[in-house]
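So you can see what is in the structure, the chains are spelled out below.
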Amino acid sequence: MSTTEAPAPPETADAEPLPLRKTPTRKRLIPYWLLLPGMLWLIVFFAAPLVYQASTSIQTGSLEEGFKVTWHFATYWDALGEYWPQFVRSVGYAGIATALCLLLGYPLAYLIAFKAGRWRNVVMILVIAPFFTSFLIRTLAWKTILADGGPVVGALNALHLLDVTSALGITEGHRVLATPLAVVCGLTYNFLPFMVLPLYTSLERIDPRLHEAAGDLYARPATTFRKVTFPLSMPGVVAGTLLTFIPAAGDYINAELLGSTDQKMIGNVIQSQFLRVLDYPTAAALSFILMAAILAMVTIYIRKSGTEDLV
Amino acid sequence: MTKNDQTQSSGGDVRLTGISKTYGSFTAVHPLDLTVPAGSFFALLGASGCGKTTTLRMIAGLEDPTTGTVELSGQDVTALPPYKRQVNTVFQNYALFPHLDIYENVAFGLRRRGIKSVKKQVEEMLDLVQLGPMARRKPQQLSGGQQQRVAVARALINHPQVLLLDEPLGALDLKLRRQMQLELKRIQTEVGITFVHVTHDQEEAMTMADTVAVMNGGRVEQLGAPADLYENPATTFVANFLGTSNLIEAEVVEAAGEELLLRAADTKLRLPAARCSATAGSGDKVLAGIRPEKMALAHTDDTGSLPDGHNQLPGRIKDASFIGVSTQYVIEAPGLGEISVYEQNIARDGRLVPGAEVVVHWNPAHTFGLDAAQDIAAGADLDEEAA
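Here the protein sequences come in this chain order: A and B.
The first sequence lines up with residues -1 to 309 when you count with the working numbering.
The second sequence lines up with residues 53 to 439 when you count with the working numbering.
Derived by calculation from the structure, the hints in this document are not laboratory data.
It is possible that some hints are incorrect.
Straight line, CA to CA, 25 Å or less: simulated DSS-like cross-link-like pairs of lysine-lysine [said to hold, decoys possible]:
#1 346(B) with 370(B)
#2 346(B) with 320(B)
#3 337(B) with 320(B)
#4 225(A) with 168(B)
#5 136(B) with 171(B)
#6 113(A) with 225(A)
#7 136(B) with 168(B)
#8 190(B) with 172(B)
#9 171(B) with 190(B)
#10 302(A) with 225(A)
#11 190(B) with 168(B)
#12 225(A) with 370(B)
#13 225(A) with 346(B)
#14 227(B) with 237(B)
#15 136(B) with 113(A)
#16 346(B) with 302(A)
#17 172(B) with 225(A)
#18 171(B) with 225(A)
#19 320(B) with 370(B)
Using the sequences provided together with the hints, build the complete structure.
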């Protein structure tokens, strides 16, 4: 027989429920209040311009008479029919630049993450340093670097490398400016940090003991890279290639400054339709086609790389 | 996997000769000779920063020794990279490959050695560690204890000559740790591979290992079977780090025959000469050591009924804590400081409460003697720090 008694329930229990019921409803609303600034941001800066552009793309008319929504979807077909070479070129240039960024950026990010030691932060600052000057100024600088009488062209000519590149069709004669090579180089240069930063972040997160474990389990350094390091850096590879490819495909500054009319990318077409030809519906339609194309490519890419659960 | 298959692939021995490691001006491991016999369970025990992990990593090839050589089964492997050594490591925090499932983690070593049909071996190994149904899970979906077993399986499947374990149980909670200690011991007996186990937990080392090397400050302080180390510590560090010891400063009064007669404060103590590791002539200082559980307490009124020939120290109970199986007393002995006594809870004497005048007594055979030139407190609180 037990002599202990359970403590009596507090007598105020009956009076409690009323104030208790009120607080949850207020608490339930808090997340929505917190979401509000983000939602407003999206509406004002993303949804509204998108809707505006969508309506522009199906308008007809002229600047003098004004544009009206006439549901003229044919603009899309006309734009695509006329400018598909620029679309293909944009995807091609952006793709090559992304591949080059990956080839250059991966070793760099690897060195910073695993070998730089106490120099890590200094090297990271050096990678980001170009951002302190304007995109335009940097690209203009490249115009000087790659100029016909400049050191780069001189060196390439001395080594007869320009003959090789001309044979490949990526340069013309003995110059680099106004050729596909110049535009791709410009894109690669300008977007390299966008590749290095996510790569570095994902490499830096890899536990160095995993490398030791792989070595301990009979993997040579090259095998360790292939079977452990690279698969684990896939989130960085995917993020880096997307952050490079997407802006590179829509870029027009590099083609404008470093290329000629033969290197026009879709960004240049959109820019001139908006600002020079003043054919707003075509420009808007082109923008939407570019957006849809990139969205489709990105979706396929993410599916293919199978990193949905890693990103 | 039958037991016979396993015992045939028994381990190799490890021989370290004059091995040392320095980082700049810091010496992590002083020149060290160590032989681990084939098929034994060997523990490197010490507090963090004592050089035990560095020693292990030099055997694995993950660290290049500054001097000395590493031999595995008689072959000098000092210059070989890790992937060419017949040793495997169970890493602290396991270092399982997060992008591979359990099956592929375990198969990793076999695949790297170009073995095509891994299925049978992997399944048998997963059965050995009782993880068969988990084969297709990712490491992060497993509990700590399960991950630990994967790490063991991933290393053992390669039938290494030596399995190196770097604090393998450090991340587990106490109950699971006890369970895994027995599990690892079972596996080691079953596969017969040489295990070299690094730990800061003296209880773990004593439970599992055949031989324990106690390391301190980059040196091996003492090496031996767990019971031997516990009963006959050679240094104050070992005496304090392995369990608890009462170390009493005393002066040799008479050194004749098989027993030394000591004087501590005003009390005479006897110590078997064979158990004194210090040179003790008349007038020399020594430290007399006794384990707290080897001592008993008697109330001052009962002094007359104590066993004949026991060493006796008078004192007062300062503190008593009831632990369940025993009661741990702290006795203030005049001129000697505090003495710990663990009394089993068989017949509790109601008079033994804080403040009571008592006599601590023990069989002189349980006393050991140490060189008094050492730091009396060496290793005393390291265990808790490291944990």
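Consistency of the hints with the structure:
no. : hint               : result
1   : 346(B) with 370(B) : holds, 19 Å
2   : 346(B) with 320(B) : holds, 18 Å
3   : 337(B) with 320(B) : holds, 14 Å
4   : 225(A) with 168(B) : holds, 16 Å
5   : 136(B) with 171(B) : holds, 24 Å
6   : 113(A) with 225(A) : holds, 20 Å
7   : 136(B) with 168(B) : holds, 19 Å
8   : 190(B) with 172(B) : holds, 20 Å
9   : 171(B) with 190(B) : holds, 18 Å
10  : 302(A) with 225(A) : holds, 18 Å
11  : 190(B) with 168(B) : holds, 22 Å
12  : 225(A) with 370(B) : violated, 62 Å
13  : 225(A) with 346(B) : violated, 57 Å
14  : 227(B) with 237(B) : holds, 16 Å
15  : 136(B) with 113(A) : holds, 23 Å
16  : 346(B) with 302(A) : violated, 70 Å
17  : 172(B) with 225(A) : holds, 22 Å
18  : 171(B) with 225(A) : holds, 19 Å
19  : 320(B) with 370(B) : holds, 23 Å
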